[in-house]
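Peer 1: Protein chains in written order, with my numbering: chain U, 47 to 652; chain A, 47 to 652.
These aren't lab readings, by the way, just hints derived from the structure by calculation. For clarity, every value in this text was computed on a predicted model and none was experimentally measured. A hint or two may mislead.
For identical chains, the list gives no copy identity; a pair is met inside one copy or between any two copies.
Lysine-lysine pairs mimicking DSS-like chemistry, simulated, CA-CA at most 27 Å apart [claimed, not checked]:
| # | residue 1 | residue 2 |
| --- | --- | --- |
| 1 | LYS625 | LYS579 |
| 2 | LYS123 | LYS78 |
| 3 | LYS604 | LYS579 |
| 4 | LYS78 | LYS192 |
| 5 | LYS625 | LYS290 |
| 6 | LYS389 | LYS97 |
| 7 | LYS52 | LYS192 |
| 8 | LYS141 | LYS52 |
| 9 | LYS187 | LYS290 |
| 10 | LYS620 | LYS579 |
| 11 | LYS52 | LYS97 |
2 protein chains.
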Amino acid sequence: MESDAKNSVGIIQTQTVRVVEADAPLRLACGKTLGPIDVAYETYGTLNDQKDNAVLICHALSGNAHVAGCNSPDDRKPGWWDIMVGPGKPIDTSKYFVICSNILGGCSGTTGPSDVNPATGRPYGLEFPIITIEDTVHVQKRLLDKLAVPHLLAVVGGSMGGMQVLQWAVSYPEFMDAALCIASTTRLNAQSIAFDAVGRNAILGDPYFNDGQYHGQTNPARGLSIARMIGHITYLSEESMRFKFGRTLRGSTDYTYDFNSEFSVETYLDYQGQAFVERFDANSYLYITKAMDYFDIVREYGSLRQAFAATRCRFLIASFSSDWLFTPRQSEDIMEALGAEGKDVTYCNIYSSYGHDAFLLEAATLGRLIAGFIDSTWHRVRTAQRVRGEKEKTAAGIKPKLPDHAKRVRVDYELIDSLIEPNSRVLDLGCGDGELLMRLVQDKNVCGEGVELDEDLVIHCVQRGLSVIHRDIERGLEMYPNETFDYAVLSQTIQTLRDPQRVLLELHRVARRVIVSFPNFAHWRCRAQLMFKGIAPQTRQLPFRWYNSPNIHFLSLKDYDHFCAELDIHIEQKIPLGKISTLPLRILPNFFAPQAIYVTSKYHAS
Amino acid sequence: MESDAKNSVGIIQTQTVRVVEADAPLRLACGKTLGPIDVAYETYGTLNDQKDNAVLICHALSGNAHVAGCNSPDDRKPGWWDIMVGPGKPIDTSKYFVICSNILGGCSGTTGPSDVNPATGRPYGLEFPIITIEDTVHVQKRLLDKLAVPHLLAVVGGSMGGMQVLQWAVSYPEFMDAALCIASTTRLNAQSIAFDAVGRNAILGDPYFNDGQYHGQTNPARGLSIARMIGHITYLSEESMRFKFGRTLRGSTDYTYDFNSEFSVETYLDYQGQAFVERFDANSYLYITKAMDYFDIVREYGSLRQAFAATRCRFLIASFSSDWLFTPRQSEDIMEALGAEGKDVTYCNIYSSYGHDAFLLEAATLGRLIAGFIDSTWHRVRTAQRVRGEKEKTAAGIKPKLPDHAKRVRVDYELIDSLIEPNSRVLDLGCGDGELLMRLVQDKNVCGEGVELDEDLVIHCVQRGLSVIHRDIERGLEMYPNETFDYAVLSQTIQTLRDPQRVLLELHRVARRVIVSFPNFAHWRCRAQLMFKGIAPQTRQLPFRWYNSPNIHFLSLKDYDHFCAELDIHIEQKIPLGKISTLPLRILPNFFAPQAIYVTSKYHAS
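This is chain U alone, in the form it adopts within the complex (with noise of 0.2 Å):
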């Protein structure tokens, strides 16, 4: 991502509004008030007649408002998001309203503990009251309400930022069209809690600290140097510091057997824990990580999934493949809580090395996918679109490129089509570059959802508008109620599953009626080659050699037949198919049919 002049928001001033007054204070979550707030923002673009292209973007721990383009001609660096937003960039300020504001609790212009108290005319210090994710999500609504935003197409954050996100789409959960959360979670876990522990110990500890009332004095900075040091190392991955850093020495070939530090990633902690010294405040940094610690979707709401009962917005769940801090299993925590109430949900586990930090890095990647999710949102709210899915060209009037691996041509899609009801729900599993289900919602109007293994598959879904999974379906669809579909189709993969008894009985749980297709291995090219030439046999169907096949089980009709028969499953259609038409064969299938289609249901006990 460029971030030339051409793309950027160019300069811009934060301002600032009181968005509480000190005679109205508001109630924070641990029972005390605080007033008078201001909120610092910042906006870009514009708010269109009808009110519907606003999007939020929440900041993460050491982010403030300045999210793109510089606050003035001298600035070294650009906001702390410009890679995303601006025109032409991913969240389009040519189309959108964007606004970001500081979070309460922050040191960057919204009111925080090292602003003076009212009540004591010095800085509020220790006095200051916890507050937590909740609050400052009811603060940024005040701002909104200031700002006459009446709605959100978009509210977008990674990090602490997407515990916001998640808190929005559960406090005004009809506030939203969509809720982009990433790299974050419901909830840190115990080692997450550990580091920022360590690091407030090391605040708290310090001599300057003097209960928060440091200002005009010598700051803790030791103490808030090693709490950026200790969160440092846990932004980055292993894999990345090794890449970054490794063992090399800074300024000299020799050790120098004394305590200073001399390994370039020594020396990389000490510049980022004095520079953030500058720009950060111990009391903030305090505030904010206990604000962290205390977010508990769980715990405030019974349950993940009564927490998410009430939301009403689309959600695209997005996490990095080497992120320890807020984990990829933390993502899909959310996802299967999301997908076990019905909720709308897109889940891509981006494959990055960079750690936790890859959600301000992986511009390319992350860019397309929040690009062609909240464009693909819009053009839902602007074509009032209630299926799940668009028309085939993108919001934009761009058909997203297909990767070249992933243009398969598959004659049972066809058939597929013709045996699914229309309006009814289906489940895609190896979606692939969802070509069935965009066929299926544009012939049949069907409310599809897929899974997808392949990364850039999965983001083509997405620019398709269609919501997708990105997950192994043989890891299970536990995340679905039973019959949460009415059809789950499972085209020709079955031979390439290392469990396909697991699976075929997960779907027939989650969906009441399964479609499968798969290559016929008793085709008499098969039976004939391994007759009469004694080899593994290699058909069209079957274009594989032995040794390089992704098929790794091979079955007949008469296999699935009895397949099917001992898990007690119903076939209701079983149609054998030639080669290229979409005709059934009815004379000898086993032998004359080189594929098959089979749509099955479970006998239930009821």
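Guided by the hints, dock chain A onto chain U, whose structure is given.
Peer 2: Relative to chain U, chain A alone:
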């Protein structure tokens, strides 16, 4: 492992001996000299007359000489590795003479930075010279000289103790028969250096540190406890912290909305920090972590392979699956370098959720591994056995019990045995419980090594005295130079591999001859079942159903012939086999033989 009186070494006193005199100081790696040096140590068991039963244990960062038993009847806790050391325990003090000493720079009796500097009459503090792992090993050698121990049966250590083990093997290659390096590394990665650096930063920045001259005054307790807390987080895994603490609050069900420690994990860290301050010295913490940061065998010798080139002992390298401080990958690096140098190396990655601390906790699994390795080494020493493998009975005279799932009966073993020339070097891929290797050791006096994926089977092999690598063979065998072996054996496994081609080419690289056996998919029963029944074949050799088979590629003798031709592999012998007889089957083998054995070699350009 019980710690009852019967298996305890009982009451034991730490002793101290001067190993370096003031007038003949030791020259250290940093160039400075140090003297006098006293060493605190404990011994258990008795050195035998042959003096061939001595085992040296090296401790980790916060350890000391007190490994086992109690120092007094009132001791609340036994020594730090009491689970591993005692009569009848894995390191059996009824058989072996066990020694452990506090390391140089420590604070438990061996000369360190808080001892009095004879030159100034006050504690060394930061005037103590920087010490290295190599220095500590030289001091340990002086101790053994004092104790008149001329040779070690084994040197054992975990974490930083493992670093000392590697240094021992490199610095004194003739001095030991076995080196057991557990949960360790040849050099810290950037992430570990970073954690150490932040900890040292906290100590050095503590207002009470005073250049290490805090003795008799307030200690830099806050700094040391922060360092310890950071360390502690890295010793546990995320999973074990989640399991042990989760997000539970201590003492209350409600948040306290202040900055006191309230999550269980916080109070645990507070406790660990406090307890550490009471028993450990801040100066020693600085010097020992610096020694770990500096440890770098690659830097010292140019490459790992060069470092290990002169080593003579057997190596056991063990790691723990959830250890993110000293990762399994780092242990594999050691194993691969040793393998590349043709050294006798065994590797096991023990499944554990305990993280790095597992080396102190996984008594059962690690105990079996350590005992198996030391006992079989001793048996070799006693019998002066040249080959890599024991007779059917282990040193202890007990045939290890085989786990049920490992009981494989293979008709092809007998024939493979007959194909291998005496005294050759054999690599058995997927060696299972080591049955074939044991046979080959006994019948043919081969020098055998195994590769096996299953942890239990790996340990079983170790108990039998075999050298085995715990690894998925599809991950590659890069560590072995070309033609390391006379034979590579792949018995009944090729059909279960994801990528048979890559594996087979790799086998032909590392071995002069490759012996492969597999079930014949074109056996007449298979052909008949597909031809006449139209189902996926199921036979005695291919007993699984299509959906639950571990076999994921199917091949016939003819397929394998073609395969070899394509890969430019020369078939030296092709032995079609009957069901039970080991006599070759000569008539229409691709039709009548249910299985086959091939002996192949690769045509080389030369």
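Peer 1: Tell me, please, which holds for LYS78 and LYS192 at an alpha-carbon limit of 27 Å: within, between, both or neither?
Peer 2: Within one copy, since 23 Å is at most 27 Å while 69 Å is not.
Peer 1: At 27 Å max between alpha carbons, let me know whether LYS389 reaches LYS97 within a copy, between copies, both or neither.
Peer 2: Only inside one copy: LYS389 and LYS97 sit 25 Å apart there, 72 Å across copies, limit 27 Å.
Peer 1: Within a copy, between copies, both or neither: which one fits LYS604 and LYS579 at a CA-CA cutoff of 27 Å?
Peer 2: Close inside one copy (23 Å) and across copies (9 Å); limit 27 Å.
Peer 1: Can you tell me if LYS52 and LYS97 fall within 27 Å by alpha carbon in one copy, between copies, both or neither?
Peer 2: This pair counts as within: shortest intra-copy Cα distance 26 Å, inter-copy 80 Å.
Peer 1: At most 27 Å between alpha carbons: which applies to LYS625 and LYS579, within, between, both or neither?
Peer 2: Answer is both; intra-copy 23 Å and inter-copy 22 Å each pass.
Peer 1: State whether the alpha carbon distance between LYS123 and LYS78 is at most 27 Å within one copy, between copies, both, or neither.
Peer 2: Close neither inside one copy (38 Å) nor across copies (47 Å); limit 27 Å.
Peer 1: Under a CA distance limit of 27 Å, which applies to LYS620 and LYS579: within one copy, between copies, both, or neither?
Peer 2: between (30 Å within a copy, 19 Å between copies)
Peer 1: Between the shortest in-copy and the shortest cross-copy C-alpha distance, which are at most 27 Å for LYS52 and LYS192: within, between, both, or neither?
Peer 2: Result: close neither inside a copy nor across copies, 31 Å intra and 77 Å inter.
Peer 1: How do LYS625 and LYS290 come out at 27 Å by Cα distance, when the copy is not named: within, between, both, or neither?
Peer 2: neither (53 Å within a copy, 58 Å between copies)
Peer 1: Up to 27 Å between alpha-carbons, please classify LYS141 paired with LYS52: within, between, both or neither.
Peer 2: within (15 Å within a copy, 79 Å between copies)
Peer 1: Is it within, between, both or neither when you check LYS187 against LYS290 at 27 Å Cα-Cα?
Peer 2: Cα proximity of LYS187 and LYS290: none, with 40 Å in one copy and 38 Å across.
Hint violations for this structure: numbers 2, 5, 7 and 9, all remaining hints satisfied.
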